[in-house]
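Q: The residues making up each chain are set out below.
Protein chains: 2
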Amino acid sequence: MTVKIGLLGLGTVGTGTAQILLNPTGRNPLLKEIKISKVGVRSLDKPRQVEFPPEVMTTDLEAVISDPEIEIVVELLGGLEPARSLILKAIAQKKHVVTANKAVIARYGDEIYEAANQSGVYVLLEAAVGGGIPIIKPLKQSLGANRITSIIGIVNGTTNYILTKMTTAGADFNDVLTEAQQLGYAEADPTADVDGLDAADKIAILASLGFAGRVKREDVYCEGIRQITATDITYAEQLGFVIKLLAIAKGTEGENSQQLQLRVHPTLVSKDHPLANINGVYNSVLVEGNPLGQVMFFGPGAGAGPTASAVVSDIMNIVAILQSSGENQGLDPLLSCIHQHFCQITPIEAVETRFYARFLTKDVPGVIGYLGTTFGNHHVSLESVVQTGFRGELAEIVVVTHDVCEGNFRQALEEIRNLEAIDSIPSIIRVL
Amino acid sequence: MTVKIGLLGLGTVGTGTAQILLNPTGRNPLLKEIKISKVGVRSLDKPRQVEFPPEVMTTDLEAVISDPEIEIVVELLGGLEPARSLILKAIAQKKHVVTANKAVIARYGDEIYEAANQSGVYVLLEAAVGGGIPIIKPLKQSLGANRITSIIGIVNGTTNYILTKMTTAGADFNDVLTEAQQLGYAEADPTADVDGLDAADKIAILASLGFAGRVKREDVYCEGIRQITATDITYAEQLGFVIKLLAIAKGTEGENSQQLQLRVHPTLVSKDHPLANINGVYNSVLVEGNPLGQVMFFGPGAGAGPTASAVVSDIMNIVAILQSSGENQGLDPLLSCIHQHFCQITPIEAVETRFYARFLTKDVPGVIGYLGTTFGNHHVSLESVVQTGFRGELAEIVVVTHDVCEGNFRQALEEIRNLEAIDSIPSIIRVL
Numbered sequence: 310m311t312v313k314i315g316l317l318g319l320g321t322v323g324t325g326t327a328q329i330l331l332n333p334t335g336r337n338p339l340l341k342e343i344k345i346s347k348v349g350v351r352s353l354d355k356p357r358q359v360e361f362p363p364e365v366m367t368t369d370l371e372a373v374i375s376d377p378e379i380e381i382v383v384e385l386l387g388g389l390e391p392a393r394s395l396i397l398k399a400i401a402q403k404k405h406v407v408t409a410n411k412a413v414i415a416r417y418g419d420e421i422y423e424a425a426n427q428s429g430v431y432v433l434l435e436a437a438v439g440g441g442i443p444i445i446k447p448l449k450q451s452l453g454a455n456r457i458t459s460i461i462g463i464v465n466g467t468t469n470y471i472l473t474k475m476t477t478a479g480a481d482f483n484d485v486l487t488e489a490q491q492l493g494y495a496e497a498d499p500t501a502d503v504d505g506l507d508a509a510d511k512i513a514i515l516a517s518l519g520f521a522g523r524v525k526r527e528d529v530y531c532e533g534i535r536q537i538t539a540t541d542i543t544y545a546e547q548l549g550f551v552i553k554l555l556a557i558a559k560g561t562e563g564e565n566s567q568q569l570q571l572r573v574h575p576t577l578v579s580k581d582h583p584l585a586n587i588n589g590v591y592n593s594v595l596v597e598g599n600p601l602g603q604v605m606f607f608g609p610g611a612g613a614g615p616t617a618s619a620v621v622s623d624i625m626n627i628v629a630i631l632q633s634s635g636e637n638q639g640l641d642p643l644l645s646c647i648h649q650h651f652c653q654i655t656p657i658e659a660v661e662t663r664f665y666a667r668f669l670t671k672d673v674p675g676v677i678g679y680l681g682t683t684f685g686n687h688h689v690s691l692e693s694v695v696q697t698g699f700r701g702e703l704a705e706i707v708v709v710t711h712d713v714c715e716g717n718f719r720q721a722l723e724e725i726r727n728l729e730a731i732d733s734i735p736s737i738i739r740v741l
Numbered sequence: 310m311t312v313k314i315g316l317l318g319l320g321t322v323g324t325g326t327a328q329i330l331l332n333p334t335g336r337n338p339l340l341k342e343i344k345i346s347k348v349g350v351r352s353l354d355k356p357r358q359v360e361f362p363p364e365v366m367t368t369d370l371e372a373v374i375s376d377p378e379i380e381i382v383v384e385l386l387g388g389l390e391p392a393r394s395l396i397l398k399a400i401a402q403k404k405h406v407v408t409a410n411k412a413v414i415a416r417y418g419d420e421i422y423e424a425a426n427q428s429g430v431y432v433l434l435e436a437a438v439g440g441g442i443p444i445i446k447p448l449k450q451s452l453g454a455n456r457i458t459s460i461i462g463i464v465n466g467t468t469n470y471i472l473t474k475m476t477t478a479g480a481d482f483n484d485v486l487t488e489a490q491q492l493g494y495a496e497a498d499p500t501a502d503v504d505g506l507d508a509a510d511k512i513a514i515l516a517s518l519g520f521a522g523r524v525k526r527e528d529v530y531c532e533g534i535r536q537i538t539a540t541d542i543t544y545a546e547q548l549g550f551v552i553k554l555l556a557i558a559k560g561t562e563g564e565n566s567q568q569l570q571l572r573v574h575p576t577l578v579s580k581d582h583p584l585a586n587i588n589g590v591y592n593s594v595l596v597e598g599n600p601l602g603q604v605m606f607f608g609p610g611a612g613a614g615p616t617a618s619a620v621v622s623d624i625m626n627i628v629a630i631l632q633s634s635g636e637n638q639g640l641d642p643l644l645s646c647i648h649q650h651f652c653q654i655t656p657i658e659a660v661e662t663r664f665y666a667r668f669l670t671k672d673v674p675g676v677i678g679y680l681g682t683t684f685g686n687h688h689v690s691l692e693s694v695v696q697t698g699f700r701g702e703l704a705e706i707v708v709v710t711h712d713v714c715e716g717n718f719r720q721a722l723e724e725i726r727n728l729e730a731i732d733s734i735p736s737i738i739r740v741l
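As they're listed, the protein sequences go chains A and B. This note's numbering numbers the first residue of the first sequence as 310 and each following residue consecutively. This note's numbering numbers the first residue of the second sequence as 310 and each following residue consecutively.
This is chain A alone, in the form it adopts within the complex (with noise of 0.2 angstroms):
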């Protein structure tokens, strides 16, 4: 029984899956009985790396919903329009949707997931996190036996390149920014990848999916990597840490109920921590529940190849339920998306993490002292102080603190600004 898809997007990712379906030997044998039969895409007169009869191929993007004969429409269009209404319109016609799309998923999630249940029908989205690695089925199928205590992940390739290299080649920034732009591994406008918010969106769909709870996506914390710089690379390094831009979902019971912290910003990570070692464009998400322990997926974030292989995996899981599916069957309880409630989000000045920040100040006596006491004052411990040289007039000093209140510790450093021998505070970075 042939199963019809329609795509929608033959971009890069659209192209890798193409490419799988039109070429199934030596894969899953299901994949005999998948059918492409229509492609929408924005332009017929674009070169392919696949191509189709041309009664495939439209610029109507409506017509490939629309099809009685299609059951499973694929979104690879990217961006939130026309992506957004063309998902809700599928659901409308009652076809399954996979789509690769994180950005609608992490603002629209709640609308796409509600419509899809009173249509009867899944909305699947493997690819919109950590590329090939399988992680959102895990977290679905998987881990449901347990508590899930945390979500933590390394899921943006490019600032995970750049960090490497600023790492390993010594590098700022900038240079290294630039070099990833002409290898293909940052975009033109990095914005989404360096400030965080590719990050924001894929760790919002995994708490979503990991804490049952909806999520706001405005609700993530976030910070990007562009103030990170070699200095505190090599300082970190010296500590016996990597920095790398972590996602971050941690449950912490309040008093009445469970709260979220939802939070993207560069981290100090213990050298032998299990995320220290991932380096390039690899991405990897760490999971903890109770009684568990932790579980690590890793594997390549990006790439038309293991995107696809993300994508179609979708497309199969649905293509078996419809092949095995009796009359009147309801949806799989593990793989839709049912949520109950919104998640109660931990404002960032009350969470509780350790910090490195790095002070320029005058060379006094006693200025270590004054730090303490100022840090003190407000509740923050420190782990370690180390002074570490000099810049021209200016001494150097690092500190890390134990787990303090983020408020407690900001308002210290607002003391400490004030500070007569205290000439600026370049780094303050979260530590892991």
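Just so you know, the hints here were simulated from the structure itself, not pulled from any lab data. Some hints could be false.
No distinction is drawn between identical chains; accordingly, a pair holds when it is met within one copy or between any pair of copies.
[Claimed, not checked] Okay, derived cross-link-like pairs now, SDA-like style, lysine to any residue, Cα gap no bigger than 20 angstroms in a straight line: (1) K341 to I647; (2) K671 to T682; (3) K355 to T367; (4) K403 to G635; (5) K671 to L728; (6) K403 to G429; (7) K580 to E390; (8) K344 to L631; (9) K403 to L640; (10) K344 to P642; (11) K313 to F361; (12) K341 to L644; (13) K341 to H650; (14) K403 to S645; (15) K313 to S633; (16) K398 to P377; (17) K341 to P362; (18) K580 to T487; (19) K341 to V359; (20) K313 to P642.
Guided by the hints, dock chain B onto chain A, whose structure is given.
A: Okay, now just chain B, sitting in the frame of chain A:
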């Protein structure tokens, strides 16, 4: 709609499974719809960490299977019999089966899968490999779009603990084994672990899923870690390697069909390889495919909590299907097992791999020349030759080869063994 299940066995994993099911708060809501209605054990008098009403507990294992209300039988007895017979009887009675029994599945998987397909029931086994790491379901459901080229795993926690400890402490095998036994990381009879038999069971299962063919357990070539010495670990370290017990399934294109290498042996792994950093009792499986590239799954490979997490996830998957299934539903082809053919296995002599070998030689001029010439005569090309020092009167020489045919390498060794200048060849270890 509550689904009733029967547990066979209430040992470590059975207890962990019951603890999750009896305490569902904060976990996936589906757990609230699962009821343990019978527990089959060998003795009713043994003290237990979980309590059941007397009518639930029974020593009549067959009564668990024949109970008409029970839809899922969870086999956690371990060992070959009566586990195999009970699994087959449960299938014959049209019960779905969840098992953690790698030994039974590795040896009788074919018989069990065939019976299950005929009865229209599922046999799920996530806990059989990698403890709490989701690896079986991802292989079945998430990676099928790819042509899998290799599966390489650290799948035995005991041997990984021993090798890690030998590496960090510079200790010898027997001392670390004794300590591991005292800590409960190794059995009183450590054979199944240290001789690689447990890892061989697991790679047989992973290979049959990843390469979609039948695999005979006895076709897995198997060497354990008893012969590994602190000396070799030190030399490996100097050459940039760590020693790991790897379980390897690797596809190679033969003349007429795909051939499969299946082997378990200690292996020198380059320090920058993702598997080199998997230490202690952790497990990890690296899957490589096209177009995916490499993905790796990492986590706790044993223990009550992690293994129970995998068992319960399998139970949940079946419950989700039961709850959503319509009339005349068939088996989901991605969750059931259908193997058409036996995989063709490459004999170990025909495997191409690199080797590390350590020689003790008399200190005569030209001995390195003899070695090089003899290897060369057998088409064995050397990547590095290091004269490392002296042991008493004897010189110690370590060589690492390029990729060579194992049969050729063995022939060369036979000839070298007879050279006047060679005292002995204490170590031969494959290199990844």
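Q: A separate judgement is required for each hint: does it hold in the structure or not?
A: To see whether the hints hold, each was checked on the structure:
no.	hint	in the structure
1	K341 to I647	between (32 angstroms within a copy, 16 angstroms between copies)
2	K671 to T682	within (17 angstroms within a copy, 68 angstroms between copies)
3	K355 to T367	within (12 angstroms within a copy, 70 angstroms between copies)
4	K403 to G635	both (17 angstroms within a copy, 18 angstroms between copies)
5	K671 to L728	within (10 angstroms within a copy, 73 angstroms between copies)
6	K403 to G429	within (7 angstroms within a copy, 29 angstroms between copies)
7	K580 to E390	neither (42 angstroms within a copy, 46 angstroms between copies)
8	K344 to L631	within (14 angstroms within a copy, 29 angstroms between copies)
9	K403 to L640	within (13 angstroms within a copy, 23 angstroms between copies)
10	K344 to P642	between (27 angstroms within a copy, 18 angstroms between copies)
11	K313 to F361	within (15 angstroms within a copy, 50 angstroms between copies)
12	K341 to L644	between (23 angstroms within a copy, 18 angstroms between copies)
13	K341 to H650	between (41 angstroms within a copy, 18 angstroms between copies)
14	K403 to S645	within (14 angstroms within a copy, 27 angstroms between copies)
15	K313 to S633	within (16 angstroms within a copy, 23 angstroms between copies)
16	K398 to P377	within (13 angstroms within a copy, 45 angstroms between copies)
17	K341 to P362	within (18 angstroms within a copy, 51 angstroms between copies)
18	K580 to T487	neither (27 angstroms within a copy, 30 angstroms between copies)
19	K341 to V359	within (17 angstroms within a copy, 48 angstroms between copies)
20	K313 to P642	between (24 angstroms within a copy, 18 angstroms between copies)
The structure shown violates the earlier hints numbered 7 and 18.
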